[in-house]
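Note that the protein sequences, when read in sequence, are chains A and B.
Sequential numbering of the first sequence, starting at 1, is according to this note's numbering.
Sequential numbering of the second sequence, starting at 1, is according to this note's numbering.
Source of the hints: derived by calculation from the structure; they are not laboratory data.
All values reported here derive from a predicted model rather than from experimental measurement.
One or more of the hints may lead you astray.
[Stated by the list, open to error] Okay, the calculated beta carbon distance ranges per label pair:
#1 120/B <-> 33/A: 38 to 46 Å
#2 108/B <-> 173/A: 35 to 43 Å
#3 95/A <-> 201/B: 15 to 23 Å
#4 35/A <-> 122/B: 24 to 32 Å
#5 134/A <-> 77/B: 49 to 57 Å
#6 110/A <-> 78/B: 29 to 37 Å
#7 207/B <-> 188/A: 31 to 39 Å
[What the hints assert, rightly or not] Over 10 Å on every C-beta distance to chain B, these chain A residues come out as not near it, computed from the model:
#8 14
#9 60
#10 63
#11 64
#12 92
#13 93
#14 103
#15 177
#16 181
#17 193
#18 226
#19 228
#20 231
Built from N, CA and C at the ideal position, the CB exists for glycine as well.
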Amino acid sequence: MSADNLLYEPPGPIARRRNRLISVIGVLLLLGCLMAVGHRLDASGQFDAKRWEIFLHPGTLRFLFDGLVATLLAAVISMVLAFSLALPLALARLSSRLWLRTLAASYIGCFRAVPLLLLILFTVILLPSIGLNWSALGYLIFGMVLHHSAMAAEIVRAGILSLGRGQKEAALSIGMREHQAMMWIVLPQALKLMLPALISGVLAIVQDTSLGYIIPYEELLRRSQQISSFAPQSLLQSAFIVTVMYGFVSALLLALRRWIERRQAYTSRALIPEEGELSKLDTLVPAKSPAST
Amino acid sequence: MSYIGRFLGGIAVSVELTLLSFAIAIVLGLLLAIMRVSPWPPFRWFASSYVELMQMMPLLALLLLFTFGLPKLGFIYSLFTSTVLVLGLYSAAWICEVVRAGINTVSIGQIEAARSIGMRFDQILGEVVLPQAVQSVIGPLGNLFIIQIKASAIGAAIGVADITYTAQKINFDTALAVPTFLGAMGAYFLLTLPAGWFFRFLEQKMAVLR
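Using the sequences and the hints, build the whole thing.
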C-alpha cells in the first residue's frame with residue numbers, strides 16, 4: 001500500500017519525537033489492556049493447571065481432532081459442489097436467453113438474500129417431509145451448497161465482467177463461436193482474476209460449517225461445547241483451543257490468497273481489466289467475504 | 001393472523017440488531033481504519049491484528065464465547081446485548097477494510113497536494129481524504145449493511161427472537177413448514193430490498209463526476 005504511507009510527510013526531528021511518544025503511549029495502552037484481561041483471567045483462575053489438564057488427555061485431543069476433520073469434510077464437499085454449480089449459474093446469469101437469465105438471477109437473488117442459518121434450519125425441516133432422510137452432514141451440505149453456489153456465482157460473474165470486452169471481441173473476430181470464446185479465452189483469464197475472491201469464498205465456507213452446531217452436526221465448534229459441558233471448568237480453555245484450530249485453517253487460506261495475489265502482481269500484467277472493474281471486485285470482496293450467515 | 005404479528009415482532013428485533021450493531025461497527029471500523037493508516041506503528045499493528053483475528057474466527061464461535069464464556073469472568077449481558085456486541089465487533093473488521101480500500105481510491109495527487117501545503121496527518125485525513133473516500137465507500141458499505149441484516153440471524157442460534165427464531169417457533173406451533181419458510185424469506189426481502197435501494201440512492205447522490 002504505497003498510498004498508506006503518503007498520508008503524512010516524512011517526519012522531521014520534532015515530529016519523530018512526537019511520534020515516538022505517541023507510539024510509546026499506544027504500546028502502554030495495549031499492554032495495560034492485555035494485563036487487565038490477563039489479571040481478570042488469572043483472578044478467576046483460568047490459568048490453573050486443572051482447567052487445562054483435560055487437554056493433555058489423548059482422548060480429548062482425538063475428540064477435537066475428529067471435530068476438525070468433520071469440519072473440513074463438510075467444507076470440502078460443500079466447496080466442490082457449490083463451485084461446480086456456480087460456473088453454470090454464472091454463465092446462465094450472463095446468457096443472452098431471457099428465461100435462462102431470469103432463472104439464474106432469481107436463484108442467486110433468493111439464496112443470497114436469505115441467511116444461511118435460516119436455510120439450514122429449514123433444510124432440516126423440509127427435506128425429511130419430502131422423504132429425504134439424510135444425516136446431519138447431508139442437511140448441512142445441502143443448505144451450504146444452496147447459499148454458497150449463489151455467492152460464488154456472483155464472484156464468477158464479477159470476474160467474467162471484469163475482463164475487458166476486447167478479449168471476447170478479439171476471439172469472436174478471429175472466428176470463434178460464443179461458447180468457444182468463453183471457454184478458451186474469457187474463462188481461463190477470468191478464473192485467474194477471481195482466484196483470490198474464490199479463496200475468500202472457501203474461507204467463508206470453512207467458517208460457515210460452524211453452523212452445523214445447531215443441526216446438530218458433530219463439527220469442531222459443537223465438539224468444543226461438548227467438552228465444556230463435560231468439563232465445565234474448562235469452557236474458556238476449550239473455546240481458546242478451538243479458536244486456534246479455526247485460526248490455523250483460516251491463516252493457511254489467507255496466506256494462500258496473499259501468495260496468489262503477489263504472484264499475480266507479476267504474472268498477470270497481460271490481463272488488463274476494464275478500468276475500475278477490478279478494484280470494484282476488490283472492494284466488494286475484502287480479504288475474506290464477511291460472514292454470510 | 002397472529003402469526004403475522006409474531007413475524008412483525010421478529011422483523012423489529014432483526015432491525016434493532018442490525019441497526020445497533022452496524023452503528024457500533026461503523027464507529028469502531030472507522031477508528032480501526034484511521035489507526036491502520038496512522039504514522040504510529042503500535043496502532044497500525046493493533047488494527048491489522050484485530051482485522052486478521054476477526055477474519056479467522058467463525059461468527060458463531062465468537063458469539064458462543066461471549067454468551068457462555070464471559071459470564072465465567074463475571075461479565076453478564078443479556079442475549080440481545082451480546083448479539084449486538086458480537087455483530088458490531090465482528091463487522092467492524094470489514095468496515096475497516098472497506099474504508100481502507102476507499103482511502104486507497106483517493107488519488108495520490110490529492111494527498112500530495114495536501115502534504116505540500118503543509119497539512120498534518122489529521123487534517124489530510126479529515127479534510128481531504130475521508131470526504132473523498134466517502135463516495136467510493138458507500139457502495140461496499142451498502143453491501144456490508146445487507147450482509148449485516150443476514151448475519152443478525154446468528155442471534156437465533158442462542159435464542160434472540162429475530163425473524164429466523166420466530167419462524168422456527170411458528171413452525172413448531174403450526175407444522176406449516178413451507179409457508180413459514182416463505183414468510184421468513186419474505187421478511188428478509190422486506191428488509192434487504194429497501195436497504196439496497198437506499199444505498200443505491202445514496203451512491204447516486206454522492207457520485208462525483210471526475
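Going down the list of hints, with the structure as the test:
For the hinted restraint 38 to 46 Å between residue 120/B and residue 33/A, the CB-CB distance of approximately 27 Å leaves it violated. For the hinted restraint 35 to 43 Å between residue 108/B and residue 173/A, the CB-CB distance of approximately 37 Å keeps it satisfied. For the hinted restraint 15 to 23 Å between residue 95/A and residue 201/B, the CB-CB distance of approximately 30 Å leaves it violated. A C-beta distance of roughly 29 Å is found between residue 35/A and residue 122/B, which places it inside the suggested range of 24 to 32 Å.
The beta-carbon spacing between residue 134/A and residue 77/B, approximately 37 Å, falls outside the hinted interval of 49 to 57 Å. Distance hint check for residue 110/A and residue 78/B: the Cβ-Cβ separation is about 33 Å, which falls inside the suggested range of 29 to 37 Å. Take residue 207/B and residue 188/A: their Cβ atoms lie about 34 Å apart, and the range 31 to 39 Å holds. Residue placement check: residue 14/A keeps its beta carbon more than 10 Å from all beta carbons of chain B (closest about 12 Å).
No Cβ of chain B approaches the Cβ of residue 60/A within 10 Å, the least distance being about 18 Å, so the stated non-interface status holds. Distance to chain B confirms residue 63/A as a non-interface residue, since its nearest Cβ pair spans about 17 Å, more than 10 Å. Under the 10 Å C-beta cut-off, the non-interface status given to residue 64/A relative to chain B holds; the minimum distance is some 13 Å. Distance check on residue 92/A: its Cβ is at least 21 Å (rounded) from any Cβ of chain B, clearing the 10 Å threshold; non-interface status holds.
Look at residue 93/A: its CB is around 17 Å from the nearest CB on chain B, clear of 10 Å, so calling it non-interface holds up. No Cβ of chain B approaches the Cβ of residue 103/A within 10 Å, the least distance being about 17 Å, so the stated non-interface status holds. No beta-carbon of chain B is positioned within 10 Å of the beta-carbon of residue 177/A; the least distance is around 35 Å. The non-interface label for residue 181/A is consistent with chain B: the shortest C-beta to C-beta separation is roughly 30 Å, beyond 10 Å.
Every Cβ of chain B is farther than 10 Å from the Cβ of residue 193/A; the closest lies at roughly 17 Å, confirming the non-interface assignment. No beta-carbon of chain B comes within 10 Å of the beta-carbon of residue 226/A; the shortest separation is about 12 Å. The beta carbon of residue 228/A is not kept farther than 10 Å from every beta carbon of chain B, the shortest such distance being approximately 7 Å. Under the 10 Å C-beta cut-off, the non-interface status given to residue 231/A relative to chain B holds; the minimum distance is some 13 Å.
In this structure, the hints that do not hold are numbers 1, 3, 5, 19, in rising order.
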